[in-house]
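Participant: Dock chain B with the ligands against the given chain A, drawing on the hints supplied.
Single-letter residue listing:
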Amino acid sequence: MSKNNQGIAYDKALKKYSARKEVPAAEETLAPETLLKQFHPDYFPDSIINLKVGANKGEACHHQLAAMLQSDARIDESDLAGAPIIETDILVIGGGGAGCAAALMAAEAGARVTLATKLRLGDSNTVMAEGGIQASIEQGDTPQMHFEDTIKAGHHFSDKELVAEMVMDAPEVIRWLIQQGMQFDLDKYGDLLTRRAGGTSAARVVYYRDYTGLEMMRVLREAVLNSNIEILDYSPAVELLANESGHCAGAVLSSLKDCSYNLVRAKSVIVATGGIGRMHINQFPTSNHFGATADGLVLAYRLGAKLRDLDSFQYHPSGLSHPQHMAGHLITEGVRSAGAYMLNAHGERFVGELKTRDHVSSAILRECVEGRGITTPDGAIGVWLDTPGLELREPGMLAQRFPKLIELGKKSGINPLKVPPLIYPTLHYQNGGVVIDPNGLSSVKGLYCVGEVSGGIHGKNRIMGNALLEIISFGRRSGEHAAANCHGVKHKKISIEHLSDLRRELTQANMPMDLQGPLLFPECAKFENDSDYDGLHKNR
Amino acid sequence: MQKQDELLVNVTINGKEIAAPSSLSTIQALWHAGYPRVKSVGCLEGVCGSCRIMVRRKESNQVSMELGCQTLIEEGMQVNFLVFPTPTHHTYDLNTIKSSWEVQGRFHKIFPEAEHCRHCGGCNRSCPKGIEVERGVELASKGRFREAGELFIECVMCNFCMTACPETIAPNHVGLFSRRVTAYFHTRPGNLISRLETLRKGDLDVKK
Ligand SMILES: Cc1cc2nc3c(=O)[nH]c(=O)nc-3n(C[C@H](O)[C@H](O)[C@H](O)COP(=O)(O)OP(=O)(O)OC[C@H]3O[C@@H](n4cnc5c(N)ncnc54)[C@H](O)[C@@H]3O)c2cc1C
Ligand code: SF4
Ligand code: SF4
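Quick note, the sequences are listed as chains A and B, same order. FYI, the working numbering numbers position 18 of the first sequence as 18, with every residue one higher than the one before it. FYI, the working numbering numbers position 102 of the second sequence as 102, with every residue one higher than the one before it.
Looking at chain A on its own, in the form it has when it is part of the complex:
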């Protein structure tokens, strides 16, 4: 971020700032494609390379992700000698929204389900989601419009079949969530309230305050805890297992409680490990939870699964930029949907606030690069999110609808009703992922991948509310399909033999092999296999 250094100092800019009811809209002169090409991080020079091994050999991939996809494994055969084997029908890996939905559906269909998760059940990106979930339910809206908005926002890279299935599922997804006990914000007649998102042609996002994900996750977690699903927490998957024909047949889990390996033999596996934020692509701060380290992509790729759009990430426009210890924290897009403007250091609007996220983020980066950003003493930069202006136009609305924003204000010492928060794009979402079919099946038999780990739905850019929809829509589909198809499956042999092939390929391609994957935990946590339950062995 060093090239951003010219700008106006925070104190000076704040003095110049005053909340105004109306600020003239921006005049945008640059064509959208030009703006993206010049400023969006996906186009940073030298950040994209071609993969040298695996199902996507020769295809473009961000270099940090490529290093992980082509890393050495953490384990070999000798680690598994004597490891206990847990038998189940369906193994779900990941305890976020997608994993829970899949597990609940499979269990309801009568399958024996085991759910393994890295930390606690519910530690996830799902619990953090604020803005809401999309479903076309209003009179003037149709699934067709939802479909077209999604395709357009994704720059026509989406898999149309997946999108069509998802938008048709959406109303039923909301019904299912209500039947799990999830609340939504309702109007006085009991209708679901809806709001627009950047890039939607109708009000289509339903929500619960700015706690949509928290409400969803605590309800799904409670539903899972009250079912007969077996939960293995503190058990990150470090490798998938395959049978003699290469079908996915389980996984190797590493228990953080006693630092041992467990094998799970399953008729099929549903990977729902979420996103990638904590890999800090292009050194951006992130809004993601602690365990979002692209593990599922690595595991699936090693077993031969095809991935897609590995060069495309979403940077959310409104990440907090100041104070520094909270850098990357998200302010929901809902605040802009509700009418908040963004202002540069001169107090001018510079972009349509509800354009798609890639567009808005690029515009913020442009303001910063071209000297119209606001700089802080500790080297951060950003633009204003004009919440005080919105408070003038609609007094009381922020406090009523965005309790989490008010909380964030207390914690950062910046009261958003009086002082505009400083924002800068934050790494938010992995647009691409594992290629799947409408049942969530990957190109490897027995391996389902659902939720943020999968790719194809959002093309190269996602609109707010489509991720929460995707995880429940495809989570449920995969659980149902896996349960219906597990009868009669029997894996004779389960092994990690595919790793020998991987290592051979890596050596032949002259890859360094000094990195081990999956990452499991971000670098800052200094994770080592020997850390005990209380995590107080010093790593030195």
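The hints are simulated quantities; they were obtained by calculation from the structure and are not laboratory data. Keep in mind that this is a model prediction, so the values were computed, not measured. Glycine included, each C-beta is placed from N, C-alpha and C at the ideal position. Don't take each hint at face value.
Facing chain B, from chain A, some residues (calculated, C-beta under 8 angstroms) [what the hints assert, rightly or not]:
(1) Tyr-10
(2) Leu-119
(3) Asp-123
(4) Val-167
(5) Gln-183
(6) Asn-226
Facilitator: What follows is chain B with the ligands alone, placed relative to chain A:
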């Protein structure tokens, strides 16, 4: 990324003395000092309830329950990370409650201890989100589930109140039960229902 000249403060975390910049949370301070910390870390934004800590501040003999990612270190602070408690023994399946007429009766079968709340306020004091937990339990016991649930909007299920409760009431699960039955039985949005109906009739389709 820390600036060199930033003031360091001294804190004790799980018995280890640590000096770290005052702008760090307790978790960041541990990382800063070279201790690994992966368990009881989650969203790092105060909504997952994993990073449970017990805090005593300098010159205070009060102990408070807080979330580690939300608490900035202060000079002389003593912090202990707490292991997540074992899950509650209360279990239920919403689908087996036939109608909303039955909810109150079932509630007392599922949470028999709730009526025995001794109003000690332990749950309120332990809640890092400032929720009126005790009142929530009381309302739920009287069958006022919608009102009870409203009190738990910000609950992150950190389970502090559960640990604090001498009657093993599991107040947070009482709160979540109240919320869930309210949605399960009473959320019936007209706009959603009519869209589902149109879809069921096959009147809407997507052309790819
Ligand atoms: C701050 C924030 C706000 C958001 N707001 C919205 C919004 O308003 N609307 C919207 O639609 N979307 C939103 N999103 C995106 C959306 O929340 C996520 O894309 C979605 O919840 C992902 O769900 P998931 O189940 O696929 O993954 P997650 O919810 O991230 O769950 C993945 C799970 O897998 C576990 N895991 C990871 N690796 C392993 C491993 N190796 N072994 C075992 N387990 C593992 C993780 O610990 C976690 O429990 C937001 C995201 C963030 C970060
Ligand atoms: S009500 Fe209980 S579980 Fe919920 S936040 Fe408060 S202490 Fe934690
Ligand atoms: S801690 Fe338990 S007994 Fe005490 S007030 Fe709260 S619910 Fe009642």
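Participant: All the hints need checking, so say for each whether the structure fits it.
Facilitator: Now the hints, each set against the structure:
1. Tyr-10: At 15 angstroms from the nearest chain B Cβ, Tyr-10/A fails the 8 angstroms test, so the hint is violated.
2. Leu-119: holds, 6 angstroms
3. Asp-123: Holds. Min distance 4 angstroms.
4. Val-167: Holds. Min distance 6 angstroms.
5. Gln-183: holds, 5 angstroms
6. Asn-226: holds, 5 angstroms
Checked against the numbered hints given earlier, the structure breaks only hint 1 and satisfies all the rest.
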